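Chemist: Listed here are the chains, written in short residue letters.
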Amino acid sequence: MATTARSLLLSLLLCAAGAVAAAPVRQPHSEAELIAERTALVPGQANAIALRLKMEPHWHVYWKNPGDAGMPTSVAWTLPEGLAAGPIQWPAPTRIPVPPLVSYGYEDEVWLITDIQAPTSLRPGTAVKITGKADWLVCKEICLPATAALDLMLPVSTVATPDPRYVDAFARTRATLPRSADGWSLSAFARDRHYVLRVEPPPELGRSIRNLTFFPEREGMVDNAKPQTYAMRGRTAELRIPLPGQAIGETTALTGVLVAQQSSGALRAIDVDVKLGPAPPAPVESEPGAPLGLVLALGLAFAGGLILNLMPCVFPVLAIKVLGVVQQAHGDVRKLRTHGALFAAGVVLSFWAIAGLLLGLREQGAALGWGYQLQSPLVVTGLALLFFVLALNLSGVFQMGLALQSAAGALKARGAHADALLSGLVATLVATPCTAPFMGAALGYALVQPALHAMLVFTALALGMVLPYVVLCFVPALVRRLPRPGAWMESLKQVLAFPLYATVVWLVWVLGQQTGIDGAARLLAGLLAIAAGLWALGRWSPSRRPAARIASRAAAFALAVLGLALALPGQSPQASTQRETAPGWNAWSEDAVRAILARGAPVFVDFTAAWCVTCQVNKRLVLQSDEVEGRFEALGVERLRADWTNRDPAITAALEGLQRSGVPVYALYLPGRAAPILLPEVLTRRIVLDALDAARPSASVTLKPQEPT
Amino acid sequence: MKPLAVLSLAAALGLAAGAALANVAAGQAAPDFALTDIQGKPQKLSAYKGKYVVLEWFNSECPFVQKHYESGNMQSLQKKYGDKGVVWLTINSTHPESSNYRDPAKSADIVKSWRINSAALALDSDGKVGQVYGARTTPQMWVIDPAGKVIFAGGIDDKPTFRTADVPGAKNFVAAALDEAMAGKAVSVPAAAPYGCSVKYK
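Protein sequences, first through last, are from chains A and B. Be aware that the first sequence starts at 1, since it is given in the working numbering, and climbs by one per residue. Be aware that the second sequence starts at 1, since it is given in the working numbering, and climbs by one per residue.
Simulated from the structure, these hints should not be mistaken for lab results. Quick caveat, the model's predicted, so the values are computed rather than measured. Check before you lean on any hint, since a few could be wrong.
For the chain B half of the interface with chain A, some residues (derived, Cβ under 7 Å), not all of them [what the hints assert, rightly or not]:
no.: 1; residue: A25
no.: 2; residue: G27
no.: 3; residue: Q28
no.: 4; residue: S99
no.: 5; residue: R136
no.: 6; residue: T161
no.: 7; residue: A165
no.: 8; residue: C197
Straight-line alpha carbon distances no greater than 20 Å define the calculated EDC-like cross-link-like pairs of lysine to aspartate or glutamate that follow [unchecked claim]:
no.: 9; chain 1: A; residue 1: K275; chain 2: A; residue 2: D163
no.: 10; chain 1: A; residue 1: K140; chain 2: A; residue 2: D108
no.: 11; chain 1: A; residue 1: K140; chain 2: B; residue 2: D158
no.: 12; chain 1: B; residue 1: K159; chain 2: A; residue 2: E217
no.: 13; chain 1: A; residue 1: K129; chain 2: A; residue 2: D163
no.: 14; chain 1: A; residue 1: K64; chain 2: B; residue 2: D158
no.: 15; chain 1: B; residue 1: K202; chain 2: A; residue 2: E141
no.: 16; chain 1: B; residue 1: K202; chain 2: A; residue 2: D648
Using N, Cα and C, we set each Cβ at its ideal position, and we do this for glycine too.
With the hints as constraints, model all of the structure from the sequences given.
Modeler: Here's what the structure looks like:
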């Protein structure tokens, strides 16, 4: 009894003393301290000692594999004889982007637990000093090394109780430690410069997992910076992990940690050590329904290509080519066919070039989706200039040997073949701004498929687009039915300028969204200068006096240069988040979605972009209609808007998580449900209201028992 | 057709702006570059054809770089191989907006006070050369043979720490690659994990 009382007293004294010794050591931007889980050491038992690192906001420390840059935290223990320290138990890290790199580590605060084993020979009633020299690197944009000699006095006792102050923190930390993969079904293989990790969670983890991330055990196994993407096949997730540009060491197995989100919303980390197996044959065939998906996608792309001809950006160009055929109607049939075939080839080749460029950039890890071209103010400006010049040409302001305008003459010209090909290129170029808004979803789907499928889909689109013209060229009977050439052709041409002007108006608006009113004004000023220049060219260039011709050309050139200088965007685009949001709508972030779901409220996310016409139509006519707004309010649905007008890797990653690669996407998240409900690209009020019925209070009450964690 | 060509070029440039870091690995031809060193002299890689070249990515404020200079390790490697005719180019890709940026005058002071022995220190302030090579960290090293082929790329040694005490026991991959190549042997470790601070690109 006496010894117990004495040791109790000693513990109390030491507790006070220990608190002093364990005071945090401050270093620039971070502080460190040692914290014992239990208030004493028990002979023959282990006590968990945590190195607690607290960082200033946005400063981070590193995991055992720091990723592209950094250094793992280490502790060198100095322990009395007989005591032994185990390894650091690393909690699951997070990806920390330091563009263009990605590191693995922890922000804000981390507890690194080490088990200290006490020998049976320790005598209760004594005390033990545990010393650890911690070395860590703390980084934000810059990195600072930090070191601290930390110690902790612990009494030796026959019993030890958890320190009530730290029970929660130890429990929280242990929840983030990777667990054994028992019960999980894992397999891995390499394909297309990616590792594919197939993951099936044990049944008790609920319907499915999502938001998978693999953290490699060592550097050089995977490309840290490129995004990992996953797809669900039933309950099995297939995570694609990019291979590194330069492999270091031989990789025969994927070793590291996998973090996934359970249907409850909680994160689960497991240890992964999976041998790379042979790649299963053609994954597409093995999945029923997948080939149909391709056929369907091809059919839709072909139909889309046909419809594209009626779009305001393409229709005038095609119409003018048809006018060329009209003039040629009784000419050489063979020449007409060659021209048609070459034009088709030009279109197909330029679609391939655009798709190839996009696939290449994605392979490089750039976070892009379809419509990405319009995320660049430079491209938007370029297209606006292009359309404006074409429109002025159609209006008759000036005449120029533009490929599309001289379609008729080109048949006789010497460079006829090159011209036909080039006019195909121009047709594609003018078609791009129309494909993005109207076919974003379909092409986005194509882009997450293997490269060959994606190219096939783009080919189908191109073929659909050229079909009407090619048919016209190849069936002389049709040509003969066309009206006779005459003055009506000039009138039609001038009328056709207006859809092009309309496209310019839209592009100026998009640029205004990207760079603000000043950027849009600069573009308009540039267009004005170019209009003046082309007018001067058209007015005096045909003049018979050489002086007038030269002067008009010089003036046109100077004004065009001035116009370009004015129009080309200088400053970088505003961040999407800086843009105003409509009342009732908040800016999207992954965290915001999680936070709202944790509160038990449903969330509706509108993935949108200024350059996406479908998105704008849906927004104005459906989402912001009084009827739908009212239902949102009545049901307490939080509304978030993810604006993809400018490049935003976080949004691109979220779209990929939803198996999409373009906007619009409408997702309704319900608390307690793993996957969101995805709405179609083209919304009606009925569709939204029906989907919202799922979020009715009655429905969420039945889901309530599954408390979000 | 001219204005159209200009516009499609502009469009192509706009598209290329999103490209990510490259990764020049051992076995590949070393991409040529032209920089101006802090003395104002041009440094063009192709001008050194016929010689071994070492590229060292540098940031004086990075603790991992400081480890190799405080210990004298980097200076002695620069001297040893410089004497053997190796051209050692130290490149700093830190963007001027980073607090780690040191302008040419300050960099010259650092070269002097640290007694840096490389052939030249060049600032790659727009990060273009770093991105073409795929420099991720400081220090990160490339060894290029007289034919212009990369024979080593990666971290300088096998101790990815910033502790000066770790220098003596480390296996230095750059020295090994140069020794082996100069002796006509194959380079036994042509790639190593780069370690250190992230390169401070914009």
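Chemist: Tell me, which hint numbers fail for this structure?
Modeler: 2, 3, 7, 9, 11
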